[in-house]
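Colleague: Residues in the sequence shown are numbered from 1 upward in steps of one, following this note's numbering.
Errors might be hidden in some of the hints.
What the hints assert, rightly or not - Calculated lysine-lysine pairs in the DSS-like style (CA-CA distance at most 30 Å, straight line):
| hint | residue 1 | residue 2 |
| --- | --- | --- |
| 1 | K214 | K298 |
| 2 | K298 | K68 |
| 3 | K298 | K116 |
| 4 | K76 | K206 |
| 5 | K68 | K116 |
| 6 | K76 | K116 |
| 7 | K68 | K214 |
| 8 | K298 | K206 |
These are calculated hints, taken from the structure and not from any lab test.
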Amino acid sequence: MSRSNAALLLALGLAVPASPGCRSFQDNLLRRDVAQAAPRPEQPDPREVVRLVSLEHERRAELVQALKSELNVNVKTFTDDQGRDRRVPLGGVLGGTAEGYLRVERPRNLRVILNKTLSMPIADIGSNDEEFWFANDQSREIVVASHSHLGGLNDPLLTSMRADWIFEILGLESLPADVEIERGSSPEVLTLVETRALPGGGTTIKESVLSVSKQRIVEHRLYTGDRSRLVASARVEQPVAVSVGPTGGSEPPARVEIPSVVRLTIPDVAELEMRLSNIRPNPEPDPAWLASFVRPDKESLGYEQIPLFDLSGRPGDELLADSGASSSSALPPPPSIPGPVTAPGSLILPRADNALARADDRAASSDRAVRPASEPSTSGRVAVDLPSAPRVPTVEYRRSSWETVQGGNRFPRGVLGRD
1 MSRSNAALLL ALGLAVPASP GCRSFQDNLL RRDVAQAAPR PEQPDPREVV
51 RLVSLEHERR AELVQALKSE LNVNVKTFTD DQGRDRRVPL GGVLGGTAEG
101 YLRVERPRNL RVILNKTLSM PIADIGSNDE EFWFANDQSR EIVVASHSHL
151 GGLNDPLLTS MRADWIFEIL GLESLPADVE IERGSSPEVL TLVETRALPG
201 GGTTIKESVL SVSKQRIVEH RLYTGDRSRL VASARVEQPV AVSVGPTGGS
251 EPPARVEIPS VVRLTIPDVA ELEMRLSNIR PNPEPDPAWL ASFVRPDKES
301 LGYEQIPLFD LSGRPGDELL ADSGASSSSA LPPPPSIPGP VTAPGSLILP
351 RADNALARAD DRAASSDRAV RPASEPSTSG RVAVDLPSAP RVPTVEYRRS
401 SWETVQGGNR FPRGVLGRD
(Lines of atoms letter the chains of each structure in order from A and count residues from 1; the text may use other names and numbers.)
(Lines give C-alpha, C1' and ligand atoms only; values in the text may rest on other atoms or scores of the structure.)
Protein backbone atom coordinates (compact mmCIF):
# COMPACT_ATOMS: atom_id res chain seq x y z
CA MET A 1 0.00 0.00 0.00
CA SER A 2 1.29 3.48 -0.79
CA ARG A 3 1.81 5.94 2.02
CA SER A 4 -1.21 8.00 0.95
CA ASN A 5 -3.62 5.19 1.77
CA ALA A 6 -2.54 5.31 5.41
CA ALA A 7 -2.82 9.10 5.48
CA LEU A 8 -6.41 9.44 4.29
CA LEU A 9 -6.51 11.46 6.64
CA LEU A 10 -5.34 32.47 4.67
CA ALA A 11 -4.13 48.70 1.16
CA LEU A 12 -5.53 51.09 2.67
CA GLY A 13 -5.23 53.95 0.00
CA LEU A 14 -6.07 57.60 0.57
CA ALA A 15 -6.48 60.04 -2.39
CA VAL A 16 -6.76 63.74 -1.66
CA PRO A 17 -7.72 65.63 -4.85
CA ALA A 18 -6.41 69.16 -5.35
CA SER A 19 -8.94 71.95 -4.92
CA PRO A 20 -9.67 74.00 -8.06
CA GLY A 21 -9.19 77.77 -8.26
CA CYS A 22 -6.41 80.30 -7.62
CA ARG A 23 -5.37 81.78 -4.28
CA SER A 24 -2.71 84.28 -3.23
CA PHE A 25 0.35 83.03 -1.32
CA GLN A 26 -0.97 84.67 1.88
CA ASP A 27 -4.41 83.18 1.33
CA ASN A 28 -2.88 79.80 0.71
CA LEU A 29 -0.72 80.17 3.80
CA LEU A 30 -3.64 81.10 6.04
CA ARG A 31 -6.38 78.98 4.53
CA ARG A 32 -4.76 76.07 2.78
CA ASP A 33 -6.20 72.65 3.47
CA VAL A 34 -3.43 70.37 4.51
CA ALA A 35 -3.97 66.81 3.36
CA GLN A 36 -3.92 64.65 6.41
CA ALA A 37 -2.81 61.06 6.20
CA ALA A 38 -5.36 58.64 7.51
CA PRO A 39 -4.52 57.65 11.08
CA ARG A 40 -3.04 54.20 11.26
CA PRO A 41 -5.40 51.82 12.99
CA GLU A 42 -4.22 50.82 16.42
CA GLN A 43 -2.78 47.33 16.37
CA PRO A 44 -4.33 44.93 18.86
CA ASP A 45 -2.21 43.72 21.73
CA PRO A 46 -0.88 40.27 20.73
CA ARG A 47 -1.33 39.08 24.31
CA GLU A 48 -5.02 39.95 24.22
CA VAL A 49 -5.55 38.33 20.81
CA VAL A 50 -3.94 35.09 21.94
CA ARG A 51 -5.76 35.20 25.28
CA LEU A 52 -9.13 35.40 23.51
CA VAL A 53 -8.23 32.64 21.07
CA SER A 54 -6.95 30.51 23.94
CA LEU A 55 -10.19 30.94 25.87
CA GLU A 56 -12.20 29.91 22.82
CA HIS A 57 -10.05 26.80 22.35
CA GLU A 58 -10.51 26.02 26.03
CA ARG A 59 -14.28 26.34 25.67
CA ARG A 60 -14.39 24.08 22.61
CA ALA A 61 -12.16 21.48 24.22
CA GLU A 62 -14.49 21.27 27.21
CA LEU A 63 -17.66 21.17 25.10
CA VAL A 64 -16.64 18.72 22.36
CA GLN A 65 -15.61 15.28 23.60
CA ALA A 66 -16.45 13.39 20.42
CA LEU A 67 -17.28 14.13 16.81
CA LYS A 68 -18.45 12.38 13.70
CA SER A 69 -18.59 13.62 10.14
CA GLU A 70 -18.98 12.50 6.58
CA LEU A 71 -15.67 12.76 4.75
CA ASN A 72 -14.55 13.48 1.19
CA VAL A 73 -10.85 13.17 0.35
CA ASN A 74 -9.28 14.52 -2.84
CA VAL A 75 -5.66 13.63 -3.61
CA LYS A 76 -3.76 16.48 -5.27
CA THR A 77 -0.76 16.56 -7.57
CA PHE A 78 2.46 17.49 -5.78
CA THR A 79 6.05 18.18 -6.82
CA ASP A 80 8.67 15.76 -5.52
CA ASP A 81 12.23 16.60 -4.49
CA GLN A 82 13.36 16.25 -8.12
CA GLY A 83 10.80 18.75 -9.42
CA ARG A 84 8.51 16.15 -10.96
CA ASP A 85 4.73 16.31 -10.72
CA ARG A 86 3.45 13.24 -8.93
CA ARG A 87 0.09 11.87 -7.95
CA VAL A 88 -0.31 9.41 -5.12
CA PRO A 89 -2.22 6.19 -5.82
CA LEU A 90 -5.61 6.12 -4.12
CA GLY A 91 -7.26 2.76 -4.13
CA GLY A 92 -5.17 1.55 -7.05
CA VAL A 93 -6.09 4.63 -9.10
CA LEU A 94 -3.78 7.63 -9.40
CA GLY A 95 -5.29 10.62 -7.62
CA GLY A 96 -9.03 11.10 -7.57
CA THR A 97 -11.45 11.20 -4.67
CA ALA A 98 -12.73 8.92 -1.97
CA GLU A 99 -15.67 9.19 0.40
CA GLY A 100 -16.36 7.83 3.84
CA TYR A 101 -16.68 8.97 7.42
CA LEU A 102 -14.65 10.19 10.37
CA ARG A 103 -15.42 9.31 13.99
CA VAL A 104 -13.21 10.50 16.82
CA GLU A 105 -13.57 10.46 20.61
CA ARG A 106 -11.19 11.52 23.37
CA PRO A 107 -8.63 10.41 24.21
CA ARG A 108 -7.63 7.78 21.63
CA ASN A 109 -10.71 6.55 19.80
CA LEU A 110 -10.50 7.13 16.05
CA ARG A 111 -12.03 5.57 12.97
CA VAL A 112 -11.73 6.61 9.32
CA ILE A 113 -13.38 4.57 6.57
CA LEU A 114 -12.73 5.47 2.91
CA ASN A 115 -14.29 4.03 -0.23
CA LYS A 116 -13.66 4.76 -3.89
CA THR A 117 -17.24 3.79 -4.55
CA LEU A 118 -19.82 2.06 -2.39
CA SER A 119 -18.50 -1.27 -3.61
CA MET A 120 -14.78 -0.41 -3.57
CA PRO A 121 -13.31 -0.01 -0.06
CA ILE A 122 -9.91 1.65 0.10
CA ALA A 123 -8.77 2.19 3.68
CA ASP A 124 -9.78 1.45 7.25
CA ILE A 125 -7.86 3.44 9.87
CA GLY A 126 -8.57 3.31 13.58
CA SER A 127 -7.35 3.34 17.14
CA ASN A 128 -8.59 2.76 20.67
CA ASP A 129 -7.00 2.75 24.11
CA GLU A 130 -5.02 -0.42 23.41
CA GLU A 131 -3.95 -0.36 19.77
CA PHE A 132 -4.13 1.28 16.37
CA TRP A 133 -4.49 -0.18 12.89
CA PHE A 134 -4.57 0.82 9.25
CA ALA A 135 -5.80 -1.54 6.58
CA ASN A 136 -5.19 -1.44 2.84
CA ASP A 137 -8.41 -2.87 1.47
CA GLN A 138 -6.99 -3.06 -2.06
CA SER A 139 -4.01 -5.26 -1.23
CA ARG A 140 -5.86 -6.94 1.67
CA GLU A 141 -3.19 -6.09 4.23
CA ILE A 142 -3.55 -4.69 7.75
CA VAL A 143 -0.97 -3.21 10.13
CA VAL A 144 -1.76 -3.59 13.83
CA ALA A 145 0.37 -2.26 16.70
CA SER A 146 0.12 -1.02 20.26
CA HIS A 147 0.64 2.65 21.04
CA SER A 148 3.93 1.85 22.76
CA HIS A 149 5.34 0.76 19.39
CA LEU A 150 5.13 4.34 18.16
CA GLY A 151 8.08 5.28 20.36
CA GLY A 152 10.47 4.00 17.70
CA LEU A 153 8.81 5.62 14.69
CA ASN A 154 8.67 9.18 13.41
CA ASP A 155 6.24 9.31 10.52
CA PRO A 156 3.98 12.25 9.53
CA LEU A 157 1.29 9.99 8.12
CA LEU A 158 0.86 8.26 11.46
CA THR A 159 0.94 11.68 13.13
CA SER A 160 -2.06 12.79 11.09
CA MET A 161 -4.00 9.72 12.16
CA ARG A 162 -3.72 10.27 15.92
CA ALA A 163 -7.00 11.19 17.59
CA ASP A 164 -5.51 14.16 19.47
CA TRP A 165 -3.99 15.52 16.24
CA ILE A 166 -7.43 15.42 14.60
CA PHE A 167 -8.89 17.36 17.55
CA GLU A 168 -5.97 19.80 17.37
CA ILE A 169 -6.25 20.71 13.69
CA LEU A 170 -10.02 21.11 14.07
CA GLY A 171 -9.44 23.68 16.84
CA LEU A 172 -10.83 21.45 19.57
CA GLU A 173 -7.68 21.18 21.72
CA SER A 174 -6.54 23.66 24.36
CA LEU A 175 -3.52 25.75 23.48
CA PRO A 176 -0.35 24.81 25.38
CA ALA A 177 0.23 26.48 28.73
CA ASP A 178 3.52 28.05 27.59
CA VAL A 179 3.76 29.35 24.07
CA GLU A 180 6.07 31.70 22.23
CA ILE A 181 4.57 34.32 19.94
CA GLU A 182 6.31 35.48 16.80
CA ARG A 183 5.11 38.35 14.65
CA GLY A 184 4.35 37.30 11.10
CA SER A 185 5.20 38.91 7.79
CA SER A 186 2.28 41.30 8.26
CA PRO A 187 0.36 42.72 11.25
CA GLU A 188 -2.42 40.33 10.27
CA VAL A 189 -0.45 37.26 11.32
CA LEU A 190 0.91 35.89 14.58
CA THR A 191 2.68 32.56 14.91
CA LEU A 192 2.36 30.46 18.06
CA VAL A 193 5.51 28.38 18.48
CA GLU A 194 5.74 25.30 20.67
CA THR A 195 8.70 23.00 21.28
CA ARG A 196 7.67 19.37 21.72
CA ALA A 197 9.85 16.60 23.09
CA LEU A 198 10.49 13.35 21.21
CA PRO A 199 10.87 10.07 23.10
CA GLY A 200 14.47 9.70 21.97
CA GLY A 201 15.49 13.00 23.51
CA GLY A 202 15.17 15.30 20.50
CA THR A 203 12.59 17.94 19.75
CA THR A 204 10.15 18.94 17.06
CA ILE A 205 8.65 22.39 16.49
CA LYS A 206 4.88 22.96 16.18
CA GLU A 207 3.72 26.26 14.67
CA SER A 208 0.13 27.52 14.74
CA VAL A 209 -0.56 30.42 12.37
CA LEU A 210 -3.12 32.80 13.89
CA SER A 211 -5.13 35.30 11.84
CA VAL A 212 -5.55 38.48 13.90
CA SER A 213 -8.61 39.68 11.99
CA LYS A 214 -10.34 36.29 12.09
CA GLN A 215 -9.12 35.57 15.62
CA ARG A 216 -8.62 31.91 14.87
CA ILE A 217 -5.82 29.55 13.90
CA VAL A 218 -5.74 29.04 10.14
CA GLU A 219 -2.77 26.70 9.72
CA HIS A 220 -0.79 24.12 11.68
CA ARG A 221 2.85 23.30 10.80
CA LEU A 222 5.20 20.65 12.12
CA TYR A 223 8.97 21.14 11.69
CA THR A 224 12.13 19.26 12.53
CA GLY A 225 13.84 20.23 15.77
CA ASP A 226 16.15 22.78 14.15
CA ARG A 227 13.17 24.25 12.29
CA SER A 228 14.91 23.75 8.97
CA ARG A 229 12.46 21.35 7.34
CA LEU A 230 8.70 21.13 7.16
CA VAL A 231 7.38 17.72 8.15
CA ALA A 232 3.67 18.33 7.61
CA SER A 233 1.16 21.19 7.47
CA ALA A 234 -2.62 21.40 7.73
CA ARG A 235 -4.47 24.52 6.54
CA VAL A 236 -8.02 24.80 7.90
CA GLU A 237 -10.70 26.75 6.05
CA GLN A 238 -14.43 27.44 5.80
CA PRO A 239 -15.48 27.12 9.46
CA VAL A 240 -19.08 26.18 10.09
CA ALA A 241 -21.07 26.81 13.28
CA VAL A 242 -22.57 23.69 14.82
CA SER A 243 -24.63 23.14 17.95
CA VAL A 244 -23.24 21.13 20.84
CA GLY A 245 -26.12 19.54 22.70
CA PRO A 246 -28.57 21.16 25.13
CA THR A 247 -27.08 22.93 28.13
CA GLY A 248 -30.07 22.16 30.36
CA GLY A 249 -32.97 24.29 31.49
CA SER A 250 -34.10 26.99 29.11
CA GLU A 251 -30.63 27.84 27.82
CA PRO A 252 -30.08 27.29 24.09
CA PRO A 253 -27.46 24.80 22.89
CA ALA A 254 -23.89 26.04 22.79
CA ARG A 255 -22.37 26.61 19.36
CA VAL A 256 -18.81 26.13 18.18
CA GLU A 257 -17.06 26.75 14.87
CA ILE A 258 -15.34 23.78 13.23
CA PRO A 259 -13.43 23.99 9.92
CA SER A 260 -15.07 22.06 7.11
CA VAL A 261 -11.98 21.96 4.86
CA VAL A 262 -8.52 20.67 5.82
CA ARG A 263 -5.68 20.88 3.30
CA LEU A 264 -3.01 18.45 4.47
CA THR A 265 0.47 18.65 2.94
CA ILE A 266 3.26 16.16 3.62
CA PRO A 267 6.25 17.23 1.50
CA ASP A 268 7.31 14.68 -1.12
CA VAL A 269 4.55 12.33 0.01
CA ALA A 270 1.05 13.67 -0.55
CA GLU A 271 -1.27 16.66 -0.74
CA LEU A 272 -4.82 15.95 0.38
CA GLU A 273 -7.96 18.05 0.57
CA MET A 274 -10.38 16.73 3.18
CA ARG A 275 -13.93 18.07 3.30
CA LEU A 276 -16.12 17.44 6.33
CA SER A 277 -19.90 17.57 6.07
CA ASN A 278 -22.81 16.76 8.35
CA ILE A 279 -20.55 17.46 11.34
CA ARG A 280 -22.08 16.27 14.60
CA PRO A 281 -20.31 16.95 17.92
CA ASN A 282 -20.95 14.58 20.83
CA PRO A 283 -23.20 12.07 19.03
CA GLU A 284 -25.22 9.61 21.07
CA PRO A 285 -23.03 6.59 21.96
CA ASP A 286 -25.22 3.96 20.31
CA PRO A 287 -23.96 0.41 19.69
CA ALA A 288 -22.82 1.31 16.17
CA TRP A 289 -20.74 4.20 17.55
CA LEU A 290 -19.12 2.04 20.20
CA ALA A 291 -18.40 -0.69 17.67
CA SER A 292 -16.56 1.84 15.49
CA PHE A 293 -13.55 1.73 17.79
CA VAL A 294 -13.18 -2.04 17.87
CA ARG A 295 -10.61 -3.37 15.42
CA PRO A 296 -12.38 -5.35 12.68
CA ASP A 297 -11.49 -9.00 12.20
CA LYS A 298 -10.04 -8.61 8.73
CA GLU A 299 -7.75 -11.59 9.15
CA SER A 300 -10.76 -13.88 8.89
CA LEU A 301 -11.45 -12.27 5.50
CA GLY A 302 -8.04 -13.26 4.24
CA TYR A 303 -6.11 -10.08 5.07
CA GLU A 304 -2.42 -10.49 5.80
CA GLN A 305 -1.38 -8.91 9.11
CA ILE A 306 1.83 -6.93 8.68
CA PRO A 307 3.94 -6.26 11.80
CA LEU A 308 4.57 -2.55 12.13
CA PHE A 309 8.34 -2.91 12.29
CA ASP A 310 8.34 -4.95 9.09
CA LEU A 311 7.76 -1.63 7.34
CA SER A 312 11.13 -0.44 8.66
CA GLY A 313 14.06 -1.01 6.36
CA ARG A 314 16.96 0.68 8.12
CA PRO A 315 17.92 1.83 11.61
CA GLY A 316 17.93 5.44 12.57
CA ASP A 317 15.36 8.15 12.30
CA GLU A 318 15.36 11.30 10.20
CA LEU A 319 13.53 13.54 12.63
CA LEU A 320 15.65 12.49 15.59
CA ALA A 321 18.79 12.94 13.51
CA ASP A 322 17.69 16.41 12.42
CA SER A 323 17.05 17.42 16.02
CA GLY A 324 20.48 16.27 17.19
CA ALA A 325 19.27 13.35 19.31
CA SER A 326 20.60 9.83 19.38
CA SER A 327 18.13 7.39 17.87
CA SER A 328 19.30 4.71 20.30
CA SER A 329 18.75 6.70 23.46
CA ALA A 330 16.27 5.48 26.03
CA LEU A 331 12.91 7.11 26.54
CA PRO A 332 13.41 10.11 28.82
CA PRO A 333 11.14 11.19 31.67
CA PRO A 334 8.56 13.86 30.82
CA PRO A 335 10.56 16.99 29.98
CA SER A 336 10.30 20.31 31.77
CA ILE A 337 8.61 23.20 30.04
CA PRO A 338 10.81 23.98 27.00
CA GLY A 339 12.61 27.27 26.60
CA PRO A 340 11.70 29.75 23.87
CA VAL A 341 12.81 29.26 20.29
CA THR A 342 15.40 31.85 19.35
CA ALA A 343 14.00 33.99 16.56
CA PRO A 344 14.05 37.71 15.71
CA GLY A 345 11.09 39.65 17.03
CA SER A 346 9.74 36.80 19.10
CA LEU A 347 7.67 37.37 22.21
CA ILE A 348 6.57 35.18 25.07
CA LEU A 349 3.07 36.10 26.06
CA PRO A 350 2.19 36.40 29.75
CA ARG A 351 -0.92 34.86 31.23
CA ALA A 352 -3.61 37.44 30.69
CA ASP A 353 -6.03 36.18 33.32
CA ASN A 354 -4.63 34.09 36.17
CA ALA A 355 -8.11 33.52 37.54
CA LEU A 356 -8.87 31.36 34.53
CA ALA A 357 -5.87 29.09 34.99
CA ARG A 358 -6.58 25.45 35.65
CA ALA A 359 -5.45 23.90 38.91
CA ASP A 360 -3.02 21.64 37.08
CA ASP A 361 -1.57 24.70 35.34
CA ARG A 362 -0.78 26.21 38.70
CA ALA A 363 0.62 22.94 39.99
CA ALA A 364 2.94 22.70 37.00
CA SER A 365 3.93 26.32 37.36
CA SER A 366 4.91 25.83 41.01
CA ASP A 367 7.93 23.83 39.90
CA ARG A 368 9.18 26.72 37.79
CA ALA A 369 10.61 30.09 38.79
CA VAL A 370 7.94 32.75 38.85
CA ARG A 371 8.41 35.11 35.94
CA PRO A 372 8.09 38.80 36.79
CA ALA A 373 5.04 40.46 35.32
CA SER A 374 5.87 43.32 33.02
CA GLU A 375 4.43 45.31 30.20
CA PRO A 376 5.29 44.00 26.74
CA SER A 377 7.63 45.85 24.43
CA THR A 378 8.33 45.41 20.78
CA SER A 379 12.06 45.07 21.39
CA GLY A 380 12.13 42.61 24.28
CA ARG A 381 10.34 39.62 25.72
CA VAL A 382 7.87 39.41 28.53
CA ALA A 383 6.72 36.38 30.43
CA VAL A 384 3.27 34.90 29.99
CA ASP A 385 1.22 31.76 30.54
CA LEU A 386 -1.98 30.93 28.70
CA PRO A 387 -5.04 29.49 30.48
CA SER A 388 -4.71 25.89 29.38
CA ALA A 389 -3.33 22.63 30.67
CA PRO A 390 0.28 21.72 29.85
CA ARG A 391 0.53 19.40 26.90
CA VAL A 392 1.56 15.83 27.55
CA PRO A 393 4.63 14.98 25.47
CA THR A 394 3.65 12.92 22.47
CA VAL A 395 5.46 11.12 19.71
CA GLU A 396 5.92 12.96 16.43
CA TYR A 397 6.75 11.24 13.17
CA ARG A 398 8.88 11.78 10.12
CA ARG A 399 9.03 10.07 6.73
CA SER A 400 12.30 8.25 6.15
CA SER A 401 11.84 7.31 2.51
CA TRP A 402 8.97 6.77 0.13
CA GLU A 403 8.43 5.87 -3.49
CA THR A 404 5.25 5.33 -5.45
CA VAL A 405 4.48 1.64 -5.36
CA GLN A 406 3.82 0.15 -8.76
CA GLY A 407 1.88 -3.02 -9.42
CA GLY A 408 -0.41 -4.05 -6.60
CA ASN A 409 -0.23 -0.91 -4.48
CA ARG A 410 0.89 -2.95 -1.45
CA PHE A 411 2.42 -1.83 1.80
CA PRO A 412 6.05 -1.11 0.79
CA ARG A 413 8.51 -2.76 3.16
CA GLY A 414 11.19 -0.46 4.47
CA VAL A 415 9.02 2.64 4.12
CA LEU A 416 9.29 3.74 7.75
CA GLY A 417 12.38 4.38 9.84
CA ARG A 418 12.65 3.07 13.37
CA ASP A 419 15.14 2.81 16.19
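Colleague: All the hints need checking, so say for each whether the structure fits it.
Modeller: How the hints compare with the structure:
1. K214 to K298: The given pair, whose Cα atoms are some 45 Å apart, is violated under the 30 Å limit.
2. K298 to K68: holds (23 Å)
3. K298 to K116: Given that 30 Å is the threshold and the Cα spacing comes to 19 Å, the pair holds.
4. K76 to K206: This hinted pair holds, its Cα atoms lying about 24 Å apart.
5. K68 to K116: holds (20 Å)
6. K76 to K116: Judged against 30 Å, a Cα distance of about 15 Å means the pair holds.
7. K68 to K214: Judged against 30 Å, a Cα distance of about 25 Å means the pair holds.
8. K298 to K206: violated (36 Å)
Of the numbered hints given earlier, the model fails hints 1 and 8; all others are met.
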